[in-house]
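Novice: Take a look at the letters that make up each chain.
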Amino acid sequence: MTIDNQQFLDALLHGDRTLASDILKKVHREGYSVEDIYELLIKPALYQAGVLWETGKISVATEHLASAVVEALLNEMYYHILSLNQKKNKVVVSCVENEFHQIGSRMVADIFELNGWNTSFLGANTPTSELIHFIKDKEPHILALSLTLSQNLSLLDKMINSIRKELPDISIIIGGQAFNHGGHDLVDKYEDVRLFENLKSLNSCIINNC
Amino acid sequence: MISGDSSLFLSEWTEEINHSIHNNKSLCIAVFSCNRELLYANAPMHFLLQDAPFDQLLNPSFDQLVSAKSESDEIFEGHITFGTISSLNTSIVAKVFRKNNKILIVGGADMNQLMEQNEQLVLLNREVNDLQRQLIKEKVVLENTLNQLHEVNNKLNEVVATKDKFFSIIAHDLKNPFNTILGLSELLGHSSDSFTSGQIKTYAQNINQGADQAYRLLENLLRWARVQRGLLKPMFTRITVSALVNEVFELLKENAEAKKIDLILDLQFTGFVTTDREMLLTILRNLISNALKFTHTGGKVILTTQKEQDRIVFKVSDTGVGMTREVMDKIFRIDSDVTQKGTAQETGSGLGLILSKEFVQKLGGKITVQSTPDEGTIFRVFLPLPPYIR
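Chains A and B are the protein sequences, given in the same order.
Residue 1 is where the first sequence starts when you use full-length UniProt numbering, and the numbers rise one by one after that.
Residue 1 is where the second sequence starts when you use full-length UniProt numbering, and the numbers rise one by one after that.
Hints are computed from structural coordinates only; laboratory data are not their basis.
No residue lacks a Cβ here, since even glycine has one placed at the ideal position from N, Cα and C.
Any given hint might turn out to be false.
[Claimed, not checked] From the structure, some residues in chain A lie toward chain B, with a derived Cβ separation under 8 Å:
1. Y79
2. S120
3. G123
4. N125
5. P127
[Stated by the list, open to error] Heads up, simulated BS3-like pairs for lysine-lysine below, C-alpha to C-alpha not over 30 Å straight-line:
6. K233(B) to K200(A)
7. K69(B) to K88(A)
8. K315(B) to K25(A)
9. K139(B) to K138(A)
10. K300(B) to K87(A)
11. K259(B) to K138(A)
12. K139(B) to K43(A)
13. K139(B) to K88(A)
14. K139(B) to K90(A)
15. K307(B) to K25(A)
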């Protein structure tokens, strides 16, 4: 089955949760995995909604509506994601300070949870000081940071710098829409900071313990 | 922040401003006559007023605006709510002016409020999402706990059924042969002088049969008890199928002859199998004993060995009384008390088949049954063959 991205996007922009949910369920029934659905159905639709907003074709309210529907859909998928065979591995997933787009990081958290990781999701706009405090308390194996707006790249840089000073040994992974048009030099600046271009590469890395 | 004098800078844009006001999607503007006539409304105001402009002005109402007391042209400033008491309402921030017996309403959305409420709704939505996820998580944990409880409950039921079966066998099936043994041996002990040698021989044979029956039952019972306690583990060795099958035949030959049943061996596979010798012996002995028990005098019991892909099949077929579907569904279940007397009134506990099934499972195989009432029954035991034979 081919995925009808346009029909899905239209459903999101019109706030038609039922139609969007039906499309998602159909794709899932057809045998697409959770990561496939995130990567091939949800991500393109959200990126396209972002383009429509950037080009003034839709209002921020419509973009928020689409995001709200997607978050509800991710909750629908959560039942299939939950793993009761929890591993000892821990991950903290967060957005950069001042970054309000949390769906990407939610999907990253879900991919970890799907693989049985003990996942703490902090969501949008997490102040760096609170994030550091939380990491010290939780002692995760990995910190995953998501960035949607490329304008916030400097904030991510600042955030990693602050985290590294306090927690020099923690593995950091980064990703998100912001890296579609650059930001790769940021990875070279720090040791043990890895960039994941998509959820598929993240998932295979988790599976292979890389 | 407002900068500049609007009258100075906007006067030269009157035409453009009027055009924009008329086509604007967020600024709502309407002019009414005080005697309840809508003179003008731009598109968004039309959307708010719908087809009943005076009814749609919910708060303040049109009449309240017309009768409002004011020293200047401006008679109202604040939120105007459109709609009816029975519909979803919308408010705009507006000013209302009254001049020359006409009413002008100019307003639009309160951007600050919109932004604040939008942010609050986004946060609220996230809270609801987090709560929903928490609930899903708790639901999955509960479902899992419930499944575990069901599993434990099923195991408990099985333990209770096992215990009941154990006591039932001891109370009835094991007691019966001893009644025969005790009764006849007592009779012989007290009155052997009054019996002919033929009678003594018959009684001695009956005692022997009873003892044999009790011994075999006891043997099954002890093996089964060891399985239940997890003490009986299969000891896999390489055995020759033909030798083992012949051993079973030797053991049961007399039983077949006594009922004049044709016991036939059809060895289509004669190679080796890696399995537990004692367990396989018990399985085949129980199945053939069972077949002999339910086959009439003059009938046939056939044991066939076959190779089927990566497994060996032991097929025990008879021309006996057969079983209904209902009986077939119960014969391997510990919690059922389905026991039937044989064609020569032989008794049994049903333990042999249950034990056979447990042994087959321990050997990594499976057992099936196929039966037609009054035609006969076929039991098939499938056991895996070692890779070098496959």
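Novice: For each hint, tell me whether it holds in the structure or not.
Specialist: How the hints compare with the structure:
1. Interface hint at Y79(A): satisfied, since its Cβ lies 6 Å from the closest Cβ of chain B, which is below the 8 Å cut-off.
2. Of the supplied interface hints, the one on S120(A) is violated, with its beta-carbon coming no nearer than about 12 Å to a beta-carbon of chain B, more than 8 Å.
3. With a least beta-carbon distance of about 7 Å to chain B, the hint placing G123(A) at the interface is held under the 8 Å criterion.
4. Given hint, N125(A) at the interface with chain B, is violated; its Cβ is 10 Å from that chain's nearest Cβ, farther than 8 Å.
5. Residue-level restraint check for P127(A) is violated (minimum Cβ-Cβ distance to chain B is 15 Å; threshold 8 Å).
6. Using a Cα cut-off of 30 Å, the hinted pair K233(B) and K200(A) is violated, with the two alpha carbons roughly 46 Å apart.
7. Taken as a hint, the K69(B) and K88(A) pair is broken in the structure, with Cα atoms around 74 Å apart against an allowance of 30 Å.
8. Of the pairs offered as hints, the one joining K315(B) and K25(A) is violated, with about 47 Å between alpha carbons and a cut-off of 30 Å exceeded.
9. About 25 Å separates the Cα atoms of K139(B) and K138(A), which keeps this hinted pair within 30 Å; it holds.
10. This hinted pair does not check out: K300(B) and K87(A) have alpha carbons roughly 59 Å apart, beyond 30 Å.
11. In summary, the hint linking K259(B) to K138(A) is not supported, as the alpha carbons are separated by about 77 Å, beyond the 30 Å threshold.
12. The hinted pair formed by K139(B) and K43(A) meets the criterion: a straight-line CA distance of about 28 Å does not exceed 30 Å.
13. For the hint linking K139(B) to K88(A), the alpha-carbon distance of about 22 Å falls within 30 Å, and the restraint holds.
14. For the hint linking K139(B) to K90(A), the alpha-carbon distance of about 22 Å falls within 30 Å, and the restraint holds.
15. Of the supplied pair hints, the one linking K307(B) and K25(A) is violated, its CA atoms being roughly 46 Å apart against a limit of 30 Å.
The earlier numbered hints that this structure contradicts are 2, 4, 5, 6, 7, 8, 10, 11, 15.
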